[in-house]
Amino acid sequence: MPSMSRAPVMVRDAWLRRMCQHPIYSKKYHLEAHLRGRATKLRYENTHLDTIFALSTHPGKAGIAVIRVSGPQAKSKHDTGYITNAKTEACFNKETNVPANKRIVRQGDSDLVPRAFENDKLDLTEVEGLADLLNAETEAQRRLALRQADGGLRNLYDSWRTQLIQSMALIEALIDFGEDENIEDDVYDNAKRQAAIVSPIPGTTRDVVEVSLDIGGYPILIGDTAGLRSSKDEIEMEGVRRAQDRISLADINIAILPVTEFLGTSRVLSDNDYTSSGSSQGVDPIVLEAIRRNPKTMVLINKMDLSRSDTDNIMSKIRSQLWPEADHGQSNGPEYMKGRGKEDLSNSNKHRLWAISCQTGDGIAMFLQDFINMLKERFETSLTSSTSITQYRHRKHLENCLQSLEAFQNLGVDDVVLGAEELRHAASDLGRITGRVDVEEVLDVVFREFCIGK
Amino acid sequence: MFQVSKRLLLVSHSTTVSGSSRSTFSTLASRSRVATRVLRHNTQVWSTQSRHTGQFRSVTLAASQALPPTPETSYDVIVVGGGHAGSEACAAAARTGAKTLLLTQKLDTIGEMSCNPSFGGVGKGVLVREIDALDGLCGRISDLAGVQFRILNRSKGPAVHGPRAQIDRKLYKKHMQKALHEYPNLTIKAGSVSDIVLGAEILPPTPGQNTVQGEIKGIKLESSEVIHAPKVIITTGTFLRGEIHIGLEAYPAGRINEEASIGLSDSLAQAGFELSRLKTGTPPRLDGKTIDYSRLTPQHGDMPPLPFSFLNKEVANAHNQLLCYQTSTNPKTHEIIRNNLHKSIHIRETVKGPRYCPSIESKIMRFATKEAHTIWLEPEGYDTDVVYPNGISMTLPEKEQIEMLRTIKGLENVTVLRCGYGYEEAAAQGILAGINAGLAAQSKPPLILTRADAYIGVLVDDLITKGVEEPYRIFTSRSEYRLTLRADNADLRLTRKGYEAGCVTEYRWNAYQRMEQEMNRGIELMSEFKLSPAKWAEYGLGKSDDGVKRSAIDMLSFPNIKMEDFYEAIPELKEIDPFTQAKIEVEGAYSVYLRRQGAEVTAFMRDESMELPSDLDYSVIPNLSNENRSKLERVRPATLGAAKRIEGMTPTSILELLKYVQRTKRPATMANGEPIRSGSRKERLRQRMLAKEF
Numbered sequence: 001m002p003s004m005s006r007a008p009v010m011v012r013d014a015w016l017r018r019m020c021q022h023p024i025y026s027k028k029y030h031l032e033a034h035l036r037g038r039a040t041k042l043r044y045e046n047t048h049l050d051t052i053f054a055l056s057t058h059p060g061k062a063g064i065a066v067i068r069v070s071g072p073q074a075k076s077k078h079d080t081g082y083i084t085n086a087k088t089e090a091c092f093n094k095e096t097n098v099p100a101n102k103r104i105v106r107q108g109d110s111d112l113v114p115r116a117f118e119n120d121k122l123d124l125t126e127v128e129g130l131a132d133l134l135n136a137e138t139e140a141q142r143r144l145a146l147r148q149a150d151g152g153l154r155n156l157y158d159s160w161r162t163q164l165i166q167s168m169a170l171i172e173a174l175i176d177f178g179e180d181e182n183i184e185d186d187v188y189d190n191a192k193r194q195a196a197i198v199s200p201i202p203g204t205t206r207d208v209v210e211v212s213l214d215i216g217g218y219p220i221l222i223g224d225t226a227g228l229r230s231s232k233d234e235i236e237m238e239g240v241r242r243a244q245d246r247i248s249l250a251d252i253n254i255a256i257l258p259v260t261e262f263l264g265t266s267r268v269l270s271d272n273d274y275t276s277s278g279s280s281q282g283v284d285p286i287v288l289e290a291i292r293r294n295p296k297t298m299v300l301i302n303k304m305d306l307s308r309s310d311t312d313n314i315m316s317k318i319r320s321q322l323w324p325e326a327d328h329g330q331s332n333g334p335e336y337m338k339g340r341g342k343e344d345l346s347n348s349n350k351h352r353l354w355a356i357s358c359q360t361g362d363g364i365a366m367f368l369q370d371f372i373n374m375l376k377e378r379f380e381t382s383l384t385s386s387t388s389i390t391q392y393r394h395r396k397h398l399e400n401c402l403q404s405l406e407a408f409q410n411l412g413v414d415d416v417v418l419g420a421e422e423l424r425h426a427a428s429d430l431g432r433i434t435g436r437v438d439v440e441e442v443l444d445v446v447f448r449e450f451c452i453g454k
Numbered sequence: 001m002f003q004v005s006k007r008l009l010l011v012s013h014s015t016t017v018s019g020s021s022r023s024t025f026s027t028l029a030s031r032s033r034v035a036t037r038v039l040r041h042n043t044q045v046w047s048t049q050s051r052h053t054g055q056f057r058s059v060t061l062a063a064s065q066a067l068p069p070t071p072e073t074s075y076d077v078i079v080v081g082g083g084h085a086g087s088e089a090c091a092a093a094a095r096t097g098a099k100t101l102l103l104t105q106k107l108d109t110i111g112e113m114s115c116n117p118s119f120g121g122v123g124k125g126v127l128v129r130e131i132d133a134l135d136g137l138c139g140r141i142s143d144l145a146g147v148q149f150r151i152l153n154r155s156k157g158p159a160v161h162g163p164r165a166q167i168d169r170k171l172y173k174k175h176m177q178k179a180l181h182e183y184p185n186l187t188i189k190a191g192s193v194s195d196i197v198l199g200a201e202i203l204p205p206t207p208g209q210n211t212v213q214g215e216i217k218g219i220k221l222e223s224s225e226v227i228h229a230p231k232v233i234i235t236t237g238t239f240l241r242g243e244i245h246i247g248l249e250a251y252p253a254g255r256i257n258e259e260a261s262i263g264l265s266d267s268l269a270q271a272g273f274e275l276s277r278l279k280t281g282t283p284p285r286l287d288g289k290t291i292d293y294s295r296l297t298p299q300h301g302d303m304p305p306l307p308f309s310f311l312n313k314e315v316a317n318a319h320n321q322l323l324c325y326q327t328s329t330n331p332k333t334h335e336i337i338r339n340n341l342h343k344s345i346h347i348r349e350t351v352k353g354p355r356y357c358p359s360i361e362s363k364i365m366r367f368a369t370k371e372a373h374t375i376w377l378e379p380e381g382y383d384t385d386v387v388y389p390n391g392i393s394m395t396l397p398e399k400e401q402i403e404m405l406r407t408i409k410g411l412e413n414v415t416v417l418r419c420g421y422g423y424e425e426a427a428a429q430g431i432l433a434g435i436n437a438g439l440a441a442q443s444k445p446p447l448i449l450t451r452a453d454a455y456i457g458v459l460v461d462d463l464i465t466k467g468v469e470e471p472y473r474i475f476t477s478r479s480e481y482r483l484t485l486r487a488d489n490a491d492l493r494l495t496r497k498g499y500e501a502g503c504v505t506e507y508r509w510n511a512y513q514r515m516e517q518e519m520n521r522g523i524e525l526m527s528e529f530k531l532s533p534a535k536w537a538e539y540g541l542g543k544s545d546d547g548v549k550r551s552a553i554d555m556l557s558f559p560n561i562k563m564e565d566f567y568e569a570i571p572e573l574k575e576i577d578p579f580t581q582a583k584i585e586v587e588g589a590y591s592v593y594l595r596r597q598g599a600e601v602t603a604f605m606r607d608e609s610m611e612l613p614s615d616l617d618y619s620v621i622p623n624l625s626n627e628n629r630s631k632l633e634r635v636r637p638a639t640l641g642a643a644k645r646i647e648g649m650t651p652t653s654i655l656e657l658l659k660y661v662q663r664t665k666r667p668a669t670m671a672n673g674e675p676i677r678s679g680s681r682k683e684r685l686r687q688r689m690l691a692k693e694f
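So the protein lines, in turn, are chains A and B. Quick note: the first sequence uses UniProt numbering, first residue 1, plus one each step. Quick note: the second sequence uses UniProt numbering, first residue 1, plus one each step.
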């Protein structure tokens, strides 16, 4: 039996020497411990007689350490498979029924996943879930990968697939039986409505400059917009329009405003003057509107180092300026500073406001902590529903699918055949994830829904 | 018992390519089947191989036949049955140069249209064009015998246009018989087949199985006469153990008033073919003199009508087309049917009927909320009063049929000439079987049509990989390449292939080449003629202002641009034949999509080119699920692509199949005798990639 705390073993000779030097073996895992009780004395050399081994996965980011063992006696030692921790092992053994230690080291087969795949244990999406696991960049991704290995994504894809088949049935009925009496005129529009349900596929972003970050174990994709500002310049307004599009697509919006925008030019110190200086003198209304409209927005007030007055006081004033209609009765005091409190995080209606200074670094750690807590709160649940798309291939097919659906939506009623063609492409792309959409499935719906034939 | 391996060629007829979206029963591959695996279009061997153990009754071994073959009793190909499939099959075999015999129960029923007297329709019209492109007969005969021609789906784009014609039964029969009697290499003989004859060279028994294999050698007639041939095509359609049901009565019959061929059915059953019945129905035939057309909506044919055949510029009866009329059932009709459902054996039985042409009884049961079903009253010919009421096939007893019909508008005083009935049939395929039987008998390579080539390819592949659970009917949705497989380009897709295979006559080939040259010239002219949007606007074709130069062909992909629009810019186009111009117009209109589809076809052909050995032992392939293994064993797909299309096939199984076949293709050992691993790293990576693409 594999030890509960060890990594599974796969093999790669060429990596032998390097592996010996790798910290993972010198520090955390002692090789001798891995192969304890083996008759053969292991050597860190590449000879043809000894049993040799090497790390074969990427050190550092691999969810599972894969060590390849090779040599005349390696085959008899195929129970040298270990798994990094109990959780992962549970995944492999329980979820996929891969007897890890039996499969991994055998006749030079150096890939666990195809093995399980070959043995009918997994379907395609599940295998890809495992592939993600092996490449998991971050802890959160690993958990997502595990969920996908459960086949959770399949439910979602299958529901899209069903919807698409419905839509195809309508349009195919129109084409093949359009001369029949019982095909109603609005079938084409109906087909479009059906397809529209599938269209808002998450994870399809376009033409945005993005940076991916690992924040608290979560893979975060940050899209930096050009910012919002009222302008007459057409080119600038195009940038603003794109920024707004991006804002509406984002899971979380962060607005960074300099504290100076809320304050009169030189009267930063005077509370009274500040109060009387009116509401949005410095803040562009387009920004205010975006913040108010979108409850997901986190507002960071930057350049606090320029403000010399009491932070609590300023922030509470900024708060009332940003959300004048909100009731601030119970959120007085330095709550913005302690916004990480559970109560605040769990209440999505509460506005979020942080005072930071990029110059001095004040408040940034606190914001990050709150940010991570919020990520955890929000995305633990969406990991459960597994709608994030972790695999490039899935993403690509879904994007293609979406593209075809959009093309379908844009075609006129005269182009019913081309519309059907687009739908077919959409279904074929989705089918590459969940399994092909066969024409019989479409015909079944056609004959069930329409009284066809004379 | 006998068991037949899958290499058997059995083609059973029925209305090969008749009907339409409007026609009830005509199905391309005909209605039902005799064998689960009747057609294997891409095998080189077109012979029947039967295995038998112990007893056999009517299957006759040639070894027991005393008479040796003589030139009079020996042919390359025998076609049994003279319906649509049989006519095409025997003509096609003869065209390839094979000495062919057509055997039919009665000479005067050759070319009989058993059900709806029509040809073509959506999807099916393309098939008729494809048959014509391979120099088949039905298109040309229909042009001679049609009484009303219409293009269905005219509003939906040329890819799904469905040419259809209402046919005069008698004219069709007359012209078909004339054509066949004059056909070179073809002999026609009346006779009833009682047995198939299996070869003398029986293979040694497989150890432990006590089976022997025989090869088809010919057929035996009820007169005990034996006719020899290495290839036999059976196209007996509904006659193979057919039954007719009217009300609660059921009796064996081929068509109404014609006998079923029971003997042959038994022979085939004993040879191991799986025989099963599928049901369909036919409506009662009405006396046109007793119909009041004055209150019904007439339906006119197209003017001018478009002929089916590439060789024809016009149809015989263009100016003498008949009218069809539209009427419908009503709640009263439905009530009578509902009250008498228990009197129909057809409804009570569980035999599976086609989903696409339910009987009126089924329609009323399944779509209870519908208050009316459309009926088309279609004339059966010029010199007959028989009217075919399309849409109300039924099997109620005669009295109830008349009662029900008289509730329908226009039919208040109708007289029924013949009752509607349900009949079960046997099935399969025509022209391709004839071509390949003929080619095989002469040891020539076969004509293989894939799903990307023709609807014929779609049909054959569907029948093989999906099996038949209902009478097969083609739909345009069955094709993955609908924009490519069109009625207007059937000849461009197939005539060259057919000519190269040897089933297209010089006459058609010359006509085709002229068209092809003209078309290429037209496309060349239009591709070279490029203008900026501003310049196009000067010709009244201002469709875009993006400054991109476009050729005349590119311009065709914009909506509502016709060839005539270019006459001013490119006057030479006017000289091109209008039929050819129409082809160019469609190609241009779809050019963007056709390019994309071309890429898909390439990917498809990659899978199709990966052949699976026909004797592949699926039991030794590791890690195949039992379900998939048995499916593969039953279907025996010829290519990896065909294997993928088998229903329920998992990506895993395909991957295993691929790996196994690739492994066994290569030398099994390295130079030093060591067994090689299951492929190089690169190879395994490739396989994994393939699996993902699945």
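I should point out that these hints are in silico values taken from the structure, not numbers from a laboratory. You may find that some hints are simply not true.
[Claimed, not checked] Derived coverage of chain B by chain A (criterion: at least 3 residues anywhere in the stretch with Cβ under 8 Å from a Cβ of chain A; other residues may be distant): (1) 151 to 161; (2) 476 to 483.
[To be verified] Pair by pair, the computed Cβ-Cβ distance ranges are: (3) B:L107 with A:D444: 41 to 47 Å; (4) B:S591 with A:S159: 32 to 38 Å; (5) A:Q369 with B:S630: 39 to 45 Å; (6) B:N320 with A:S159: 40 to 46 Å; (7) B:P304 with A:G239: 56 to 62 Å; (8) B:R496 with A:R241: 34 to 40 Å; (9) A:R241 with B:P298: 56 to 62 Å.
Quick caveat, the model's predicted, so the values are computed rather than measured. For every residue, glycine included, the Cβ atom is placed at its ideal position computed from N, Cα and C.
*Is the hinted range of 56 to 62 Å satisfied by the C-beta distance from P304 of chain B to G239 of chain A?*
holds, 59 Å
*Between R496 of chain B and R241 of chain A, does the C-beta distance stay in 34 to 40 Å?*
Violated, at about 54 Å.
*Take a look at whether the Cβ-Cβ distance between S591 of chain B and S159 of chain A falls inside 32 to 38 Å.*
holds, 36 Å
*How does the coverage statement for the segment 476 to 483 of chain B fare against chain A, requiring three or more residues with Cβ below 8 Å from a Cβ of that chain?*
holds (count 6)
*Per the coverage rule (Cβ-Cβ under 8 Å, at least three residues), is the segment 151 to 161 of chain B covered by chain A?*
Satisfied; 7 residues make the cut.
*Can the suggested window of 39 to 45 Å be confirmed for the beta-carbon pair Q369 of chain A and S630 of chain B?*
violated, 60 Å
*Mind checking the hinted window 41 to 47 Å against the Cβ distance between L107 of chain B and D444 of chain A?*
holds, 43 Å
*Between N320 of chain B and S159 of chain A, does the C-beta distance stay in 40 to 46 Å?*
Cβ of N320 of chain B to Cβ of S159 of chain A: about 56 Å, so the range 40 to 46 Å is violated.
*Does the Cβ pair R241 of chain A, P298 of chain B satisfy 56 to 62 Å?*
Holds - the Cβ-Cβ distance for R241 of chain A and P298 of chain B, about 57 Å, lies within 56 to 62 Å.
When the structure is compared with the earlier hints, violations turn up for hints 5, 6 and 8 and for no others.
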